[in-house]
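Assemble the whole structure, with the sequences as input and the hints as a guide.
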Amino acid sequence: MQTVTQTIQSVPLNHYILFSAIIFAIGVIGVLIRRNAIVIFMSVELMLNAVNVLLAAFSVYHNDASGQVFVFFIMALAAAEVAVGLAIIVMIYRNTHSTDINVLNKLKW
Amino acid sequence: MSIPLFYFVAFLSIFFALMVIFAKNPIHSVLYLIITFFTFTIHYVLLNAQFLAIVNFIVYMGAIMVLFLFVLMLLNLNKDTEPMKSNFVKIAGVIAGMCFLVTLVGSVKTLHISEPVLLINPGLGLVKNLGQVLFSKFLLPFEISSILLLSAMVGAVLLAKKEPKNI
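Protein sequence lines, in the order shown, are assigned to chains A and B.
Under this note's numbering, the first sequence has 34 at position 34, and the numbering climbs by one with no breaks.
Under this note's numbering, the second sequence has 34 at position 34, and the numbering climbs by one with no breaks.
Just so you know, these hints were derived from the structure itself, not from any lab.
Glycine included, every Cβ here is placed at the ideal spot set by N, Cα and C.
Each hint should be verified, as a subset may be incorrect.
SDA-like, lysine to any residue: derived pairs with alpha carbons at most 20 Å apart [said to hold, decoys possible]:
no., chain 1, residue 1, chain 2, residue 2
1, B, Lys24, B, Phe100
2, B, Lys109, A, Asp64
3, B, Lys85, B, Asn25
4, B, Lys161, A, Phe70
5, B, Lys85, A, Asp64
6, B, Lys85, B, Lys161
7, B, Lys137, A, Ile74
8, B, Lys85, A, Met75
9, B, Lys162, A, His62
10, A, Lys106, A, Arg94
11, B, Lys90, A, Val103
12, B, Lys162, A, Phe70
13, B, Lys137, A, Val103
14, B, Lys90, A, Pro12
15, B, Lys161, A, Ile92
16, B, Lys128, A, Asp64
17, B, Lys90, B, Phe100
18, B, Lys85, A, Pro12
19, B, Lys109, A, Val31
20, B, Lys137, A, Pro12
21, B, Lys128, A, Ile101
22, B, Lys24, B, Ile54
Label pairs and their in silico Cβ distance ranges [stated by the list, open to error]:
no., chain 1, residue 1, chain 2, residue 2, range
23, B, Leu69, A, Thr96, 17 to 27 Å
24, A, Phe73, B, Phe100, 24 to 34 Å
25, B, Ser114, A, Ser66, 17 to 27 Å
26, B, His112, A, Met91, 46 to 56 Å
Here it is, written out as structure tokens:
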């Protein structure tokens, strides 16, 4: 494990920020271009995970364990969110026989 | 060998994340997402955040992704029923996402900090250290998150239950 901990020592913090930004942007693009509600959900998970990696990197950078505790809370929140969201999607599918978000336009205007 | 490892894993993460949103079949999307989360687990191991690596592996790859897969198979979604947006909306979405990325990268470029991420205390991400912080400094949020999980469980059961016809 000592060798693994030595390995990280020269990756600049900016590269972690850029990596997280790219993953987050991919999640945003996924939300914008897909119509299947479940795939949109998965893109949201991607965004949450980009933030998690960034929080862990900053936690190591500042030598503060609070960041990693926050990641733990975000994971708990994501689990709750996925459970409720997928239940809602199942209910929508039962009523409309599709997970297409364009069917759900009754509240539009 | 260390520096290229981060970039290689980052490349894999980005590649599989792109595959998630561009795969036509939703089940393929879920499988690619599992691989993406596995690469994130490798990132946590590289940061020596061992607790997060294990939790990411068990909770995200084990529980949440299985939930996604179960719901996808329950709803019988496949490539034929997959709704696709028109090309115009797709191109507009990609351009909007790229503009967002350019904004973020531009703001990072103005920071001028590029110090290496040094692991000063090797025991930072271990279960012992994190547990001490979690149960001293973050005890109240921890208890509240347990209530959140309980209410989410009740809500999920309530929402997914079949409604009785005669209300």
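Q. Hint numbers the structure violates, sorted upward?
A. Result: hints 1, 2, 4, 5, 6, 8, 9, 12, 13, 14, 18, 19, 20, 21 and 22 break, sorted rising.
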